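Enquirer: Residues per chain are reported as follows:
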Amino acid sequence: MSKSDNPLIRPRIGVFICHCGLNIAGVLDISQLVEYSKTLPDVVYVKENRYTCADPGQNEIKQGITDYNLNRVVVAACSPRMHEPTFRVCVEEAGLNPFLFEMANIREMCSWCHPTQKKEAIAKAKEIIKIAVAKARLLKPLISFEVPVVNKAMVIGGGIAGMNAALDLANIGFRVYLIEKDESIGGHMAQLDKTFPTLDCSICIEGPKMVEVARNPNIEIISFADVLKVDGFIGNFKVKIRKNPRYVVQKNCTGCGECADVCPVEYPNSWEMNLGTRRTISVPFPQAVPLVYTLNKDHCIECYKCVDVCGTRNAIDLEQKPEEIEIEVGTITVATGFDIYYPLDLPRYGYGRHLNVITALEAERLINAAGPTGGHVVRASDGKVPKTVAFLQCIGSRDVNKYEYCTGFCCMYAIKEAILIKEHEPETEIYILYMDMRTPFKGFEEFYRRARDLGVIFIRGKPSEILEEKETHNLIIRAQDTLLGEPLEVEAEMIILCTAGIPNSGADELARILHITRGTDGFFLESHPKLKPIDTPVDGIFLAGACQGLKDIPYSVSQGSGAAGRAATILSKDKVEIEPIVAVVDPEKCRNTKSKCGICVSACPYSAPFAAEGKAAVINPAMCHGCGTCVADCPSDAITQMHFTDEQIFAQIRAALETEPEKKILGFLCNWCCYAGADLAGTSRFEYPTHIRVIRVMCSGRVDRDFVLEAFRLGAGMVFIGACHLPNDCHYISGNWKMKARMDALQGMLTKLGLSQERFRVAFVSAAEGLIFANIMKEMDRQMDDLGLDKIKAETTKIKPILENMLKRKGLI
Amino acid sequence: MPLKHYKIEEKGKLALGKVLYSKRFGITVDRALCKGCVLCKLVCPKEAITLKPTPKSSEGKAQSPKVDIDETKCDFHAICAVVCPFGAIDVTVNNESGKPVVEKEAFPILLREIQIDSERCAPDCKICEEKCPLGVISVRFEPLTPEEMKDREKRGLPSTPNRTIVDVKEELCATCRICEAECPNKLIQVTKFIEGSLEIKNDLCPEGCHDCIDVCPVNALYLGEDNKVYVNDMFCIYCGACLNVCPKPEAVELSRTSIGHSPIKSGAWNKALENLTSTHGLNKELRSKRTGKARDVIKNLKRA
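First to last, the sequence lines map onto chains A and B. FYI, our numbering numbers position 181 of the first sequence as 181, with every residue one higher than the one before it. FYI, our numbering numbers position 94 of the second sequence as 94, with every residue one higher than the one before it.
Rather than coming from a laboratory, the hints here were simulated on the basis of the structure. These numbers were taken from a predicted model, which means no experiment stands behind them. Mixed in with the good hints there might be a few duds.
Here are the simulated distance ranges between beta carbons [as the list claims (entries may be wrong)]:
id, chain 1, residue 1, chain 2, residue 2, range
1, B, Ser278, A, Glu326, 44 to 50 Å
2, B, Gly260, A, Thr312, 29 to 35 Å
3, A, Arg242, B, Ser262, 31 to 37 Å
4, B, Gly98, A, Arg313, 27 to 33 Å
5, B, Glu113, A, Arg313, 35 to 41 Å
6, B, Asn94, A, Leu483, 41 to 47 Å
Glycine included, every Cβ here is placed at the ideal spot set by N, Cα and C.
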């Protein structure tokens, strides 16, 4: 046992107070803080530095540790969000465990936000140091642990993004499993005719890529398969997959197609947008990879003609059963793509009612020479080539009643299809009715000009009504030309609707299986929209392509490669380090051994706890992200969060409210949002009253009811909890929801006991909302003034005995 | 445009179909020709055909159930059209009649062997047309030239000023053999395409009930002198229309044993045969096919 964790040895705390040039010293008298710190119990050494984070400052810390045998270090300086990692490394270099270090934020949360209230600011700074020392006394050394990594990757989705991710990973040298739910890889790009803005033939550029994927010895394509279950954690995912029966033996099928030639039954081909048919035994399109036929038993009449003609190759097996396999991989990349919105519920546009109204993807299949009409864009009503075609933009997109976002690629594909139709049939009159033409990227603006030069007519206006002419089945579009400010009527022989891209239909099921979240728009949520667009909150699971947010082909390809890079940072190592700020269950206290509990299991969004019947719950440290929600939810207080224990937090609360509690606001701020927002208030120099004393937690879900009760028992003027915005901002997915439910109930109880409602406040502040935080502080100051010290003290006197009983019963005081 | 299904009941026909951009599939059931038997329902592999019972007419006559086809389940391969004894079902692909399952050699056609020696017909005789219960025979007369009359005399054929031309709409003929029985000169030979047996245990019949007689399409059932129902074995085509309306189905013992069809090798046909006849009936046909094959192999061996 080292001297730092021997309970018989008292903590020897060193406090290092930073001037930070004039940032702190300009407002706070550092010598006063030094003198004050010396008076705190267990503090054996205090030193001031001009810039503690610089080399000289860091050396002074290391010197102090050695010279004075320090076993705990407190640095009073800037925000821990700024330099906690810096000082942890520094302290470790001096031979001390990095988790025996605590920071007191006297810059962002004191000197910067209270520049004109010097007297109150210095009092607050002293207490901030006192609170940090109170926690430092109780810190324990923690060791990061390592888990081994399985150096294999999985990519779910075989579209252009998924294929690129798979190829990059395979070429680095990792084995890749590419899971595709459809019969063939290729995704939507395979359905296109040409791609903008170069008008490359889509399948001509994608086909070789698909073949490359099939040929690469490191890639195993598992097609026509569904992901059933995913267990495990970063480096060690166990994935259960069901291979759906094709009724064709994959290794025997040569893709010759003789079976399809003799099959008597055909059914609508959804790959062809139901414009054409496919035989009961067939491939969805001729360039399918893998080129293995599939028999659709829903339409098979079991005539066995295919079996006969296949003969000795024996590739058809009508008794084939689904096969379940389990694969172990180190990382999972999700590249499941998107779907198209069919505007059957927007009757105004006539889709499904008028024969000659089609969607853009259907038009793409018509234009494609390999499509069901041999490359002729003809009308459904009479099979004739239309003389006038109108494209309607933003159908379902940019619509607060449907999909609020802009799909992003429809302006470009409308221009593309218009150019292709003009090239096939130069006499066609083409109109594009748009809201805005969005053509931002490389070559896009030039492409737009090309269409205008070809004579495509662009009209700014969204149609309000589409009528069908009974005999000719022509369509009369009524719109407003907003640039001219005049109503207009256009008669078109065919309408092509540019509809929204929407999240893939299986996305919610996959989100549930992988424990990843979806944003309000339904696409998978990335860890950070600016800095981490490929990561998900689940370590080891990455996103690529349109499933993370609609994007076009080059962007999808880039993100596929990006995801491969992210995955490779994990797969290239033998082990991955897990941060030790995890939750641990005390099996003696766990209630699940006596009666069925499982509250921690439902509190956790990562499925880290596991509660077998009759046994104490166990938390998988590799899956625990350290939010502390289960710790607060546990009814038996059986769970402890390392580095944020109940004892430590109670010590902080008591230190904060030791003197004049009724004038103070005790604030619990969550690290990722509200604490960062409060930091921003300081950085932006938004001044606010000095009442608040902040206790930092990783997630608002960590805030136990007992903390609030203890605060009011000690006579706190107000208690404030700052969390990430609902519904989706919580860094730990659902911690803020659990906190809200818990605190809503508590608020009810406290109000019943006679506490004024304003004294307990829960607010949602993001890391960008510094001004809002400052305003909340001002508001709470006004409310405290309005209530008055006497009322606060009177209420406290009244409820104190009740709270004492509650806390005594739990053994907390 | 999205995939469209339609179903319309008009002009005495049920018309339904599937419309894709580049292909149209359709099925029509002619209500006048459909006799409400059970055969199409038995053979549909998707179980898309249902029979809706029809109430009795205002005169108290039993009426055959109406056929209904689920347009979303139908695959338009025309197995039902092949099996219908009355030719009531017509399948179209792109508005052209056809039977995809037969054209792809995945299903046989039922053999309707009808031979009429119309040269020997008695002059002005239209008895077959009058007696045909389904109205599929039409007889017309064309004047003969004197040379033709002399030629007939030479061949010993009955003398008549007109040639009798007998047109039989074969696809609508159910091979009931009534024309064969009624022809005064025994000039017609019909082979039934469905073989089987029908027995009505008329002591089980409810008092005064003759619903089966009301619906029988070929008048194979009749009321005896004792006012009980009897079967004319020669005419029964074993379609099952009687069984569909019988209020006491235990009274009807109907079985089909074999079906005459063009040569075929098809799992779909085997299934249909099993559904129409019985597993025993299927095994019988498979056995005879097997022996036929074995015989051919040996014959070829001998030749070699």
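Enquirer: Give a verdict on every hint.
Expert: Now the hints, each set against the structure:
no. : hint                            : result
1   : B/Ser278 - A/Glu326: 44 to 50 Å : holds, 46 Å
2   : B/Gly260 - A/Thr312: 29 to 35 Å : holds, 33 Å
3   : A/Arg242 - B/Ser262: 31 to 37 Å : violated, 43 Å
4   : B/Gly98 - A/Arg313: 27 to 33 Å  : holds, 31 Å
5   : B/Glu113 - A/Arg313: 35 to 41 Å : holds, 40 Å
6   : B/Asn94 - A/Leu483: 41 to 47 Å  : holds, 45 Å
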